[in-house]
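With the hints as constraints, model all of the structure from the sequences given.
As you go down the protein sequences, you meet chains A and B in turn.
Under my numbering, the first residue of the first sequence is numbered 47, with each subsequent residue one higher.
Under my numbering, the first residue of the second sequence is numbered 25, with each subsequent residue one higher.
Mixed in with the good hints there might be a few duds.
[Unchecked claim] Pulled from the structure, derived: some chain A residues nowhere near chain B, Cβ distances all over 10 Å: (1) A116; (2) E121; (3) L230; (4) R256.
[As the list claims (entries may be wrong)] Pair ranges (Cβ atoms, derived): (5) L104/B with D175/A: 32 to 42 Å; (6) T135/B with R152/A: 51 to 61 Å; (7) G86/A with R122/B: 17 to 27 Å.
Simulated from the structure, these hints should not be mistaken for laboratory data.
Each residue gets a CB set at the ideal place from its N, CA and C atoms; glycine is no exception.
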Amino acid sequence: MRGQVVLEGLGKAFGDVAAVRDVSLEVRGGEFLTLLGPSGCGKTTLLRMIAGFEAPDAGRILISGHDVTARPAYERPVNTVFQHYALFPHRTVAGNVAFGLQMQRRGKAEIAERVERALEMVRLGGLGDRRPSQLSGGQQQRVALARAVVLEPEVLLLDEPMAALDLKLRQEMRVEVKNLQERLGITFVFVTHDQEEALVMSDRIAVMNRGRIEQVGPPEALYDRPRTRFVADFLAVRNLLQATVVSVASGLAALRTRGGASFQAKDDGGYREGGVVWVGVRPERIRLVEGRESGDADNRLGGTLEDEIYLGDRTDWRVRVGEETLTVAESAAGARARRRGEPVAVSFPPAAVLRLEDPEGEAR
Amino acid sequence: MTTRRAALLLALPCLLALVALFVAPQALMFESSLGRRSFYGGVIHQWSLDNYRRALEPLYLAILARSVGLALATTLLCLLLAYPAAYWLGRGAPPRARSALLVLVILPFWTSFLVRMYAWIFMLRTEGLVNTALGVAGLGPLNLLYNDAAVLLGQVYGELPFMILPLYASLEKLDRSLLEAAADLGAGPLRALWRVTLPLSRPGIVAGSVLVFIPSLGAYLAPDLLGGARTVYMGTLIQSQFTFVRDAPFGAALSFLLSLVVLVLLVTFRGPLRESRGA
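Here it is as structure tokens:
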């Protein structure tokens with residue numbers, strides 16, 4: 047049970063604004079779980095409730111099997127890496143890392159030894175005498191990590207710890223933090239709005255929207271099969287279309303969008319004839335095709351090239367199909383010279399069409 | 025024009041005012057402190073250190089010690105009273121109410137300090153508000169006025185805003201996440217106060233203490249009005265030299281002795297003071 051976090055029906059409102067609504071979630075011991083969502087989705091509030099900085103209006107929080115809902119932050123077996131690190135400016139780097147151990151009234155020798163070890167672990171050995179203000183952003187972030195893990199918490203909470211770093215450093219830190227977590231075997235609950243970060247680091251991702259968890263699962267599962275329109279949108283399924291189900295037969299659903307594009311989707315059992323559904327297609331599942339080439343079973347739609355967005359390793363084409371505009375990702379390897387306004391055909395298999403729920407739309 | 029010259033030019037009006045209004049009078053005072061009083065209270069300009077020798081006599085050193093004691097007690101009491109108030113103002117009070125509450129802190133300045141001291145006399149004297157109330161309850165009357173406690177009360181009352189404001193300034197900008205980090209690392213409220221809040225509000229503590237201590241050292245009005253004739257402090261002593269005793273040279277020497285004490289203190293605490301300028 048060590049390191050397990052169970053959230054039961056958690057709710058929190060600030061004034062009239064519901065930040066977290068009825069969230070239930072189980073984080074397994076030793077797991078790297080990411081709370082992913084846009085700003086204002088409630089992910090940070092949820093983390094702060096686990097840390098003990100906010101008291102929930104409803105629900106329970108259990109850590110390693112113990113109900114900690116009523117326990118103050120300083121009595122919870124969790125530690126936090128803050129978004130802006132929150133390093134004590136009046137203490138040295140070593141003084142910052144030692145703070146928690148001093149609160150536990152450890153002996154001087156033990157503190158010195160553990161601080162040294164923690165700083166080496168985050169590759170800051172020898173910088174213990176510096177002030178936090180004398181360190182770079184990346185180094186400060188490491189101090190914040192060392193300060194939290196030196197206490198060997200059962201759960202480590204990380205609140206967008208890399209948001210303030212530049213891209214290159216962020217990419218390095220992703221790997222470093224993930225490795226650290228695997229080495230320590232501590233449960234990590236990680237908050238981010240960066241889907242790439244979430245996909246790289248997590249064992250499981252919980253996608254949050256408007257105070258609720260919309261979907262929980264391993265990165266591959268979420269990426270391959272987003273359940274809702276929101277999750278699909280957030281995980282870069284760029285082509286989201288509203289369509290009417292024309293017919294459902296022999297494992298295929300025939301769809302027609304408002305803009306007049308017709309194509310087939312693999313029937314997952316959720317299509318009802320005459321119903322209106324949201325579907326999504328990833329840009330990299332769509333190909334630009336010439337002449338007759340393309341699989342027989344694939345959808346094939348004629349359109350016009352509208353825009354080219356060159357991204358180095360790939361090019362995103364905006365293709366006008368009837369009233370709809372689709373985004374097609376073409377990898378640099380297979381690219382060929384094209385001109386804007388050129389007539390093209392796009393092709394994608396029915397299996398690439400993801401049926402998406404739209405709980406927000408239903409509520410509206 | 026070089027920046028150096030520009031700086032000089034910009035500082036010139038202030039420099040002139042300082043020379044005319046501070047340096048020159050001080051020089052004149054210092055000159056007269058070296059002189060001697062004439063029979064009718066004038067200054068005889070015959071230089072000697074006699075006044076300073078006299079100022080260092082045990083009688084006057086005891087009064088200086090009283091003044092230092094009063095200033096220390098005032099500073100300490102102000103700190104104890106102001107810290108919770110400033111903490112609440114800066115961190116507890118709803119942000120929208122803060123500016124209104126700060127106006128309340130400086131509201132006493134709208135009335136002359138002299139008038140406010142007389143108000144205290146009305147409250148503390150034998151037939152005053154407090155004793156009347158006590159009388160109704162069948163108690164008293166107590167001797168609340170014309171003693172050291174009354175002087176201290178008046179000083180603390182008068183200086184409190186000068187302690188609250190710098191403390192407020194340093195507590196208000198204290199990053200909330202630092203206190204959360206302290207709690208997160210296992211520090212209960214008291215230990216977080218001791219290990220994080222207090223050290224980080226040190227600039228405010230130092231600035232407020234200096235702002236309260238220095239004027240309290242030379243305090244005149246509260247000792248004079250609330251202390252009566254029986255209690256002598258440096259402020260009342262110097263004032264009496266210039267008026268009743270008509271010994272301006274000795275009064276001037278006492279003033280410079282007091283300035284010297286302040287100077288020594290400022291030099292001693294220059295380290296923390298430099299920090300407080302960042303506040």
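Hint check:
1. Annotated as non-interface, A116/A keeps its C-beta farther than 10 Å from every C-beta of chain B; the closest such distance is 15 Å.
2. Not every CB of chain B is more than 10 Å from the CB of E121/A (nearest about 8 Å), against its label as outside the interface.
3. The beta carbon of L230/A sits about 17 Å from the closest Cβ of chain B, which is more than 10 Å, so the claim that it is off the interface holds.
4. The Cβ of R256/A lies farther than 10 Å from every Cβ of chain B, with a closest approach of about 25 Å, so its non-interface assignment holds.
5. Separated by about 35 Å at the C-beta atoms, L104/B and D175/A satisfy the suggested range of 32 to 42 Å.
6. At about 56 Å, the beta-carbon gap between T135/B and R152/A stays in the expected band of 51 to 61 Å.
7. Judged by the Cβ atoms, the range 17 to 27 Å given for G86/A and R122/B holds: they are separated by roughly 26 Å.
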